[in-house]
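Participant: Spelled out, the chains give:
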Amino acid sequence: MNHAPFHEMMTAALDAPLPPADRAALDAHLAECDDCRELCEALNASDTLLTLAPAIPAPVGFAERASARLAGRASLARMIGGGMMLAVGTVAVAALTINPLAGAYGAFFRLPTFLTLARALLPFLDVCRAVGGGGWLALTALLDWSAQQPIVSAGLLATLPLVGLWAYWFNKLSPKVVTT
Amino acid sequence: MSDETIWIKRARAGDQEAFARLIETYQTPIYNLTYRMLGDAAEADDAAQEAFLRAYTRLSTYDSRRSFKTWLFSIASHYCIDLLRRRRLTWLSLDEPLPSIYVAALAEPNPGPEEQTVRGEQTALIQRHLARLSLEDRAAIVMRYWYDLSYEEIAEVCGGTVSAIKSRLHRARLALAEALVDERRDASRRDVPSERLHPPERLYRMEAMR
Chain A
1 MNHAPFHEMM TAALDAPLPP ADRAALDAHL AECDDCRELC EALNASDTLL
51 TLAPAIPAPV GFAERASARL AGRASLARMI GGGMMLAVGT VAVAALTINP
101 LAGAYGAFFR LPTFLTLARA LLPFLDVCRA VGGGGWLALT ALLDWSAQQP
151 IVSAGLLATL PLVGLWAYWF NKLSPKVVTT
Chain B
1 MSDETIWIKR ARAGDQEAFA RLIETYQTPI YNLTYRMLGD AAEADDAAQE
51 AFLRAYTRLS TYDSRRSFKT WLFSIASHYC IDLLRRRRLT WLSLDEPLPS
101 IYVAALAEPN PGPEEQTVRG EQTALIQRHL ARLSLEDRAA IVMRYWYDLS
151 YEEIAEVCGG TVSAIKSRLH RARLALAEAL VDERRDASRR DVPSERLHPP
201 ERLYRMEAMR
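Residue numbers (the numbering used here), protein chains in the order written: chain A, 1 to 180; chain B, 1 to 210.
Some hints could be false.
If you want the footprint, here are the derived chain B segments under chain A, 3+ residues with CB under 8 Å [to be verified]: (1) 13-25; (2) 46-54; (3) 62-69; (4) 75-86; (5) 156-163; (6) 175-183.
Example chain A residues on the side facing chain B (calculated, C-beta under 7 Å, incomplete) [unchecked claim]: (7) Leu43; (8) Ala55; (9) Ile56; (10) Pro57; (11) Phe62; (12) Ser67; (13) Ala68; (14) Arg69; (15) Leu70; (16) Ala71; (17) Ser75; (18) Leu76; (19) Ala107; (20) Leu111.
Hints are computed from structural coordinates only; laboratory data are not their basis.
A quick note: this is a predicted structure, and the numbers were derived from the prediction, not measured.
Ideal placement from N, C-alpha and C gives every residue a C-beta, glycine not left out.
Whole structure, please, built from the sequences with the hints as guidance.
Facilitator: Written out as structure tokens, the structure reads:
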């Protein structure tokens, strides 16, 4: 005989009353099957045991210890993030200091100007000069003035993404205020 | 907006004090879950703390349309299952007592001496039976009996379909009943006093006396 359908009825009966036909079939089966009756009694006893079992309360001081652990972990993450931020900030500051240092260096030693590099690397500037002398003069004057030292321009350009990255981390690590 | 929603919002923005409020609110449900899953007070304490930490770091993934409690349960139960699989935690033999469980039972507020003993025995009995279940079945039973979650909610916490959860609970309940039958038969062979064989009935009496 297949007892599985009766087992299913027994467990289903723990959640909700069985339909009358199923209830009658189960009762009839239990009246003549000792094993299923024993199992049914155990199912009910086990169900009662679990239903009445209280929740084990959290140990005294649990919330405080969990909060302290959270703060410890957060401070570690903050320390690592802060270290990275400091490193990037240092590089950014170093990039900024290249400007006056290179300027001082350029006062004593001749550095290749942007113009000479442009002449060497970009022949089309000659065409531009041929086409528009006035514009070219203005352009060369501007280049000479603003980009006297190409290494300075490179340093300033490198500073921009580094400062952006630093600002991103700083923003990410700073606590935010939420209004409710 | 409920207090809980405000705390969640603040915690998401990095306010640890707000999250501490959530820990205070859910410490017992989460601790009970980890305790029922792991069966050891120290392990459960550590796992519950870790579950809260994971919840904090994953707060950005929490969908506020869902229940925060079931989301927490999901994190804690999966953490316990992972922990047990990883560590291959050795469960105590069915014949050995579980000292830490008795310690936990003593933490009940104002129990009388006899009730302490009965509750300790019952807690040990429950843990012995839970330990016989597969990890997924154990999680489903804990969700059903201690938190009264619906099949849909259990499926949300444990993963899987509602019909899979139904069959999991069916299988787990039968296994628990068979464990009880085995234990009673074994105890009757060892001639254990009859009142120790029926702890639920004893607890019934104690509840009725209140």
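Participant: Would you mind marking each hint as holding or not holding in the structure?
Facilitator: The hints, checked one at a time:
1. As drawn, the stretch 13-25 of chain B meets chain A at 8 residues by the rule of a beta-carbon pair under 8 Å; at three or more, the given contact holds.
2. Here's how the stretch 46-54 of chain B fares: 4 of its residues keep a CB closer than 8 Å to some CB of chain A, so the rule of at least three is met and the hint holds.
3. Only residues whose beta carbon comes within less than 8 Å of a beta carbon in chain A count, and the stretch 62-69 of chain B has 0; fewer than three means the coverage is violated.
4. Under the rule that three or more residues need a Cβ within less than 8 Å of chain A, the assignment of the stretch 75-86 of chain B is violated, with 0 such residues.
5. Against chain A, the stretch 156-163 of chain B contributes 0 residues with a C-beta closer than 8 Å to a partner C-beta. That does not satisfy the three-residue criterion, and the hint is violated.
6. Counting residues of the stretch 175-183 of chain B whose CB lies closer than 8 Å to any CB of chain A gives 6, which reaches the minimum of 3, so the coverage claim holds.
7. For leucine 43 of chain A, the interface hint holds, since its Cβ comes within 7 Å of a Cβ in chain B; the closest pair sits about 4 Å apart.
8. The closest approach between the C-beta of alanine 55 of chain A and any C-beta of chain B is roughly 4 Å, which is under the 7 Å cut-off, so the hint is satisfied.
9. Of the supplied interface hints, the one on isoleucine 56 of chain A holds, with its beta-carbon coming within about 5 Å of a beta-carbon of chain B, less than 7 Å.
10. Satisfaction of the interface hint for proline 57 of chain A is found here, the shortest Cβ-Cβ separation to chain B being roughly 5 Å, below the 7 Å cut-off.
11. At its closest, the beta carbon of phenylalanine 62 of chain A sits 5 Å from a beta carbon of chain B; the interface hint therefore holds under the 7 Å criterion.
12. At its closest, the beta carbon of serine 67 of chain A sits 4 Å from a beta carbon of chain B; the interface hint therefore holds under the 7 Å criterion.
13. Annotation: interface hint on alanine 68 of chain A violated; nearest CB of chain B at approximately 9 Å, more than 7 Å.
14. A least Cβ separation of about 5 Å between arginine 69 of chain A and chain B falls short of the 7 Å threshold, and the interface hint therefore holds.
15. At about 6 Å, the closest approach between the beta carbon of leucine 70 of chain A and any beta carbon in chain B falls short of 7 Å, and the interface hint on this residue holds.
16. With a cut of 7 Å, the hint placing alanine 71 of chain A at the interface with chain B holds, because the nearest CB-to-CB distance is about 6 Å.
17. The interface hint given for serine 75 of chain A is violated, since its Cβ lies 10 Å from the closest Cβ of chain B, which is over the 7 Å cut-off.
18. Hint on leucine 76 of chain A is violated. Least Cβ distance to chain B is approximately 12 Å, over the 7 Å limit.
19. Among the interface hints, the one on alanine 107 of chain A is violated; its C-beta lies about 49 Å from the nearest C-beta in chain B, farther than the 7 Å criterion.
20. Contact between leucine 111 of chain A and chain B, as hinted, is not supported at the beta carbon level, the nearest pair being about 47 Å apart and thus beyond 7 Å.
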